[in-house]
Amino acid sequence: GENVEQHPSTLSVQEGDSAVIKCTYSDSASNYFPWYKQELGKRPQLIIDIRSNVGEKKDQRIAVTLNKTAKHFSLHITETQPEDSAVYFCAASRGAAGNKLTFGGGTRVLVKP
Amino acid sequence: DSGVTQTPKHLITATGQRVTLRCSPRSGDLSVYWYQQSLDQGLQFLIQYYNGEERAKGNILERFSAQQFPDLHSELNLSSLELGDSALYFCASSPPGQGRNEQFFGPGTRLTVL
Numbered sequence: 001g002e003n004v005e006q007h008p009s010t011l012s013v014q015e016g017d018s019a020v021i022k023c024t025y026s027d028s029a030s031n032y033f034p035w036y037k038q039e040l041g042k043r044p045q046l047i048i049d050i051r052s053n054v055g056e057k058k059d060q061r062i063a064v065t066l067n068k069t070a071k072h073f074s075l076h077i078t079e080t081q082p083e084d085s086a087v088y089f090c091a092a093s094r095g096a097a098g099n100k101l102t103f104g105g106g107t108r109v110l111v112k113p
Numbered sequence: 001d002s003g004v005t006q007t008p009k010h011l012i013t014a015t016g017q018r019v020t021l022r023c024s025p026r027s028g029d030l031s032v033y034w035y036q037q038s039l040d041q042g043l044q045f046l047i048q049y050y051n052g053e054e055r056a057k058g059n060i061l062e063r064f065s066a067q068q069f070p071d072l073h074s075e076l077n078l079s080s081l082e083l084g085d086s087a088l089y090f091c092a093s094s095p096p097g098q099g100r101n102e103q104f105f106g107p108g109t110r111l112t113v114l
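Note that the protein sequences, when read in sequence, are chains A and B.
Residues in the first sequence are numbered consecutively from 1, following the numbering used here.
Residues in the second sequence are numbered consecutively from 1, following the numbering used here.
Quick caveat, the hints were computed from the structure, so don't treat them as lab data.
Quick caveat, the model's predicted, so the values are computed rather than measured.
Every residue gets a Cβ at the ideal spot worked out from N, C-alpha and C, and that includes glycine.
Don't take every hint at face value.
Restraint ranges, calculated between C-beta atoms of paired labels, are given here [said to hold, decoys possible]:
1. B/Phe69 with A/Leu40: 43 to 53 Å
2. B/Glu54 with A/Ser28: 18 to 28 Å
3. A/Lys112 with B/Glu53: 46 to 56 Å
4. A/Val20 with B/Thr7: 36 to 46 Å
5. B/Ala14 with A/Lys58: 43 to 53 Å
6. B/Glu53 with A/Thr10: 23 to 33 Å
7. B/Glu54 with A/Asp27: 33 to 43 Å
8. A/Ser9 with B/Thr13: 43 to 53 Å
9. B/Leu61 with A/Lys58: 36 to 46 Å
10. A/Gln45 with B/Gly99: 19 to 29 Å
11. A/Glu39 with B/His73: 25 to 35 Å
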C-alpha cells in the first residue's frame, strides 16, 4: 500500500521567514496530494491541494510543488506569521480510484515572533 | 466550520465497554470516511462509505464496525474497548463527482478508555 514520509518532524522559524515541508510517497498511482493544518485539539483543515497533472499551485502565502518522477511534493509558506504555528500533514490518495488518504507523520511548525 | 458534525465531542469509558460515534456529512456529500488519530500512529484511515455502501477498508480492527444510513449519517461502533483505543476519531466527507477528491473533516470525538 501507499507510504507517505514527511520531513522535518518539527520546524522552528522566525516570523517573516519561509517554511518548507517535504513529503515523499511510494505509490505511483497516487494522483491527489492535499495538505492539512491542524491546531491543537482541532480538526485537520484542508489548506491547499494539488493533482498530478499540475506541477505547482499557489494560494496567497502558501504554495505546493509536485515532482511526479521523484514522487515528492512540498509545502512552502512564505512570510510566516504566528498564526501559522500548527501541525501540518501531507497526504496522498489515488483520487477517483480509491479516495482514502494516507497521511505523513506531520510537521510541528512554530513561528517565533 | 467544515459542515461535518460529530457527536459526542468527548467520551470517557472503561475497558471492555462498547461505544458509538456519530457523524453527519456536509449537505450533498455522499462519502464518509473514518480516521483514527493517536499520538504514536498519527492519522490512520479506518473505513469509507459511499451512499450507504462500504467502499474501502483500512486498518480497522475486527472489534470496530461502521455503517452509513439512508440519510447518509454514519456511525462507528467500537466494542471490547482497550486502553490503546484511546484516540481522536475523525470523520470526513467528500463531494460526489469525478475529480472531487477533497475531504472535509469534522471536529472529532475524543475517546478516553480508562
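Hints, verified against the model:
no.	hint	in the structure
1	B/Phe69 with A/Leu40: 43 to 53 Å	violated, 32 Å
2	B/Glu54 with A/Ser28: 18 to 28 Å	holds, 26 Å
3	A/Lys112 with B/Glu53: 46 to 56 Å	holds, 49 Å
4	A/Val20 with B/Thr7: 36 to 46 Å	holds, 38 Å
5	B/Ala14 with A/Lys58: 43 to 53 Å	holds, 50 Å
6	B/Glu53 with A/Thr10: 23 to 33 Å	violated, 41 Å
7	B/Glu54 with A/Asp27: 33 to 43 Å	violated, 22 Å
8	A/Ser9 with B/Thr13: 43 to 53 Å	violated, 32 Å
9	B/Leu61 with A/Lys58: 36 to 46 Å	holds, 41 Å
10	A/Gln45 with B/Gly99: 19 to 29 Å	holds, 21 Å
11	A/Glu39 with B/His73: 25 to 35 Å	holds, 26 Å
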